[in-house]
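Colleague: Residues per chain, in single letters:
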Amino acid sequence: MAPTTCTISLTVNGHPHVAGVEPRRLLVDFLREDLGLVGTHIGCEHGVCGTCTVLLNGASIRSCITFAVQADGAEISTVEGLAHGAEMHPLQDEFSEKQGLQCGYCTPGMLMRACEILAENPDPTPAEVRSAIASNLCRCTGYQFITEAVIGAAARMRATKEVAS
Amino acid sequence: MKPPPFSYAAPTTLAEAVGLLTEHAEAEPRVLAGGQSLIPLMNFRLAKPGYLIDLRNVAGLSGIRREGDILVIGAMTRMSEVERSPEVAVAAPLLAEAVGLVAHTPIRNSGTIGGSLAHADPAAELPAVALASDADLVATGPAGTRRIAAAEFFSGPFSTALAPDEILTEIRLPLWPGGHAFVEFSRIHANFAVIGVAALIDLDGDRIGRAALAITGVAPTAIRATAAEGVLAGADATDVTAAAAEAAGATVAGLTPAGDLNASPQTRLALARTYLRRGIELATSRARNER
Amino acid sequence: MTTANRADAPPVRDHSAKRRWVGQSIRRVEDPKFLLGRGGYIADRITPGTLHAAVLRSPHAHARILRFETAQALAAPGVHAVITGADAAELCDPMPDFGPDPARHTWRCLAAEKVRYVGEGVAVVVADSRYLAEDALELIAVEYEPLPAVVDPERALAEGAPLVHEALESNCAYERTFDFGDVERDFAEADVVVRDRLRWHRSGGQPLETVGAIAEYDPGTGSFTIDTNTLSFTSYLFMAANTLKVPANKLDIRPVPAGGSFGSKLFANKPAVIAAMCSRATGRKVAYIEDRVDNISNCDHHGSDRVYEVELAMMRDGTMRSIKIDVIDDYGAYIQFGVGHHGNALAQVVGPYTIGSVRYQVRAALTNKNQQGAYRGFGSEVNNWMLEQMVELAARELGLDPVAVRRKNFIREFPYFIPTGNVYDSGDYDRVLDKALELADYDHWRAEQKRLREEGRYIGIGLISAQERSVFSATEFWFWFDEPGAPVTSTPESVSLKVDATGGITAILYSCAFWGNSPETMVSQFVAEEFDCSPYDVSVVYHGSRDGLPATGPGGSRTTVMLAGAVEGAAAKIKEKARRAAAHLLEIDPDDMEWSDGGFQVKGDPERKKSLGEIAVMLHLFKHSFPADMESGLDGSKVYDHPYTTMPSADRKDLGVFYPFMGHACHVPVVEVNIETGAVTFLHYAAVHDCGTLVNPRSLAGHIVGGTAQGIGTALYEEYVYDEDGQLLSSSYLDYLIPSAMEVPEMTIGHVETPSPYTPHGVKGGGEGGRMMAPAAINAAVNDALFPLGVRLTELPMTPERILSALRAAGRTGGSTG
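Sequence order for the protein chains is A, B and C. Start counting the first sequence at 1162; every next residue gets the next number (the working numbering). Start counting the second sequence at 24; every next residue gets the next number (the working numbering). Start counting the third sequence at 27; every next residue gets the next number (the working numbering).
Just so you know, not all the hints are guaranteed correct.
Unchecked claim - List of simulated lysine to any residue pairs, SDA-like, C-alpha gap at most 20 Å: (1) K59/C / M1249/A; (2) K59/C / G1246/A; (3) K59/C / E1241/A; (4) K461/C / G482/C; (5) K71/B / E164/C; (6) K71/B / S155/C; (7) K59/C / S1292/A; (8) K71/B / R107/B.
Hints in this document: simulated from the structure, not taken from any laboratory.
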């Protein structure tokens, strides 16, 4: 069967895009290859590890099990949209401060998930953070310093009332 | 692990969607809801639909409303919406609890209640909820709309009573606001459940009046635990331990589960017994606390 | 066995100098790019116009390949090439292989005549996109003649088993028994012999990023350039050049940051070879990135897979005399690293104990599975587990307190030579144990255990004391043979330091990989320590293999020590020249100059000083200000060889020193075992590690937690499960279960530092330690929990199925009737 192309319109990190995509093109490949936003990574391609997590209309999704056509009309947020110029988002800065990353591969997905966690609950307990980040696998850190980083960022964000992503 | 090619349409009306299913029947069409079950299968190339009909833009398929004693949920309602709904929490707390156990938040943000039911994974939570709740599943095809009782809906692993040209449009759950519990055993938090139990308990004074139980992981589909229900009818709700154990034993006695790399048949029976007991005890305690 | 008659120890170093940067938990230098999503991993570097490869994998565990039908695939849209295993055998020689008999267990990048495991690659398609390449894979028809598969290692070694490699005429790839010390006497004199059979099933690194390579063949120069996220043993990259049939100086392999490895990217050259082969065949740049199923089934890096029969000879008072170890290791279908994993075991085979003699019988079995490679611990973690299981069993059988038994046998004089000949350079095992008991709140949990048992709950406390060796020598790859073909002795690491005209320092690392370890931070801290600059002002560059200095790369927790030595050596050369230059500029005798606070000054006189920057600008630009023999510029390189390696004796009764920088740890997990479900949950987890002087304590703590998380996986969740037909049942993350944040407890970490006498600053390696301890500790905890029920687990992972099965067998659970 001849490949068809669908036209999609979406906003990514605040920038509007119109693009033609094959219906089967996965959102993660669209972001990485068509838009050059390689910060979102591929881990398992079957929706288990969470490495590919981005936000769609503020809600976390797994971009490896989402077709780009399913993001038509949506606002997507990726890790590239977190920092403001040279100034890192409090989550990014806390991950650095607490050493919440080692290889960095799960980190973008973890950061986006953390944005959603803190948007829903700006003052979580460590147990709540740990339970919430269970959606995202990390093979390096054992999750402890990630949890500390999210708690640290939550405190800073409450203090400055910064709106997450 | 890239999916195979397919033709795609995103119709805006149900009639259009049904029409496309019929028109492209030879291409082995499937409807696309959240895709959280279908797309992984396509990435593994275990599913190769030639045509995907995306329901995301079809009007009228989402939403939660009451129709008297029935809670009606549109098939395309995202699981996260069901999870957070105050309506569901009050009218069908079993569903609220179960949907919160489906995988992780990101899956629930995309995944839909209808998608999960139509996918009919034998390990999934929602089919057990539908069975225990005596839900009706509403389907629309070229010949019109029909209601399928949950007891008739799940026909085998990944297999339902839906015809290839039918679309599940809504789930109708009789209210059961009181004693409820969904308990499950999975090896990794929020992974597929090895065993899951949906329990609904209604009291009649100090006794159990009505019990509805369903269990996953012990048969090719989720099943009603009717033997357990029989034992529980009339049991003393103030100390349900013995009855719960007996009820669990009665169900387990009739089961011949298959084994897999997670659990042998013997282990599944042991877990079924444990979780039936736990579900019954928790649902009964909640029923009592409600009063 | 202490120092007395040993030769060749390096000089003992003085570590009294105060350190300013080494020992600080500074933010990692590497982090900003990863946090911004600019990590530059291999898949991020695919440029437009690059073709994509996808590999067709065998569905059979064991089969002859009869024929291929590739015409349809070749004609498919976007396809540039289809290369079968038979084609590949013409285009490439076999893969680099350190195994015992590569000619007779030949390993190729794609299977040529026979497939030997489910997932083995049989063909590769190159197309415009990965999507199109996978479409074309489905159009390839392969005719197989299935053969009986052999999956159990003991059956593989038995008479009449199907042969994985006919040419080898056996499934036993290697067999040898070593005796160190007087085993027979020690067993004869023992009061009690404790016996057990133990089974450790294979798990693996499974980093979130798979292995990938982007290769370009330039017909104009006959050279390959390959970017890949795999490295190590770079001195052996000429073997990959051989595979590709080019001279070694026509192959440049360039490292890129990797999203985790844990061993599984160590010398993982198959994707690089496949991409390179495809590039040469198509005349285009080709990317081959494994997908997850490729990586689970076809990665060449499964972990140890062992059956142990062990006897521990004890005296009634708890003294350990001797140990006999009979181990069968299931290597899978190939054996690329030989039995090096057992060298890792022999480096610390007696643990922290004064066991006087060892018999080690190892048999390497070949089966129809993916081959073993490296997984954090590289086989020593399995020995730790086995030994601590035996210590626990012995304590039980003798009615002795397991903590007291450990103390009774602790080594206390260092350096200490164990029966195999390896040395433990330094340690203080009592101090680690004391601190662990304190952090673990041991007495409180023993009381809790008692109280909760009365409530029908089964709590267990696991306490293990074990070693974490670091910095391997090349000898451990060949002391297995009396007449090794290549008795190599080099495992260097190199660093070049360049001071530019502004005094800015660039550190060049050769073939050193970033895998989640922190080489840039380590090097920056070492450079800062040497030159009193800020670590954040150091620029670190990763140099490719071809025109670089010799390097071995990460592995065996060697990076920190080796980089420390290389930086020290390079810095010394720079300082020597800078001293002379400053002295010349100040018209002072160089011997009257001292390094102080970023420059050279007249001794005791900070007023007469030249900073490194002042010296550098003069050396770069003002040649005539210096003596004729002083070249312009300011830089230094050091090829740092392993500082302490000694040769094995000819009779192999003494293997020499091959893994001298010996760390140690004590882990104390507290678990609850649910006897209805077989679930194991953590109530507490304390761990104390001693890896000598710490460079970045926070960083090391992160590795301890992360390594422990992987150890939890190995102990409870992770297994590559092959059924009896060799089908891989755990072929995706749905079934290969990686612990999430809910399966890993918060840990209480303690540090003890007994510096190495032989290394710069006294550092030892520590990156693998968490995983080297946790499986042993968790098994001990589960067994402690179930002891009152008469149940002891001796097989990992301790899945709910295995726990419930053991409880049923002991008549201890009501799940036995239907």
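Colleague: Each hint: holds or not?
Modeller: These are the hints, each one checked on the structure:
1. Pair hint K59/C plus M1249/A holds up; C-alpha atoms about 11 Å apart against a cutoff of 20 Å.
2. This hinted pair checks out: K59/C and G1246/A have alpha carbons roughly 13 Å apart, not beyond 20 Å.
3. With a C-alpha separation of about 11 Å, the suggested pair K59/C and E1241/A falls inside the 20 Å cut-off, and the hint holds.
4. About 31 Å separates the Cα atoms of K461/C and G482/C, which puts this hinted pair outside 20 Å; it is violated.
5. Annotation: proposed proximity of K71/B to E164/C holds, straight-line Cα distance about 12 Å (limit 20 Å).
6. Among the hinted pairs, K71/B with S155/C is consistent with the structure: their alpha-carbon atoms are about 19 Å apart, no more than 20 Å.
7. Taking the CA atoms of K59/C and S1292/A, the gap is about 27 Å. The hint is violated against a cut of 20 Å.
8. The hinted pair formed by K71/B and R107/B fails the criterion: a straight-line CA distance of about 34 Å is larger than 20 Å.
Checked against the numbered hints given earlier, this structure breaks hints 4, 7 and 8; the rest are met.
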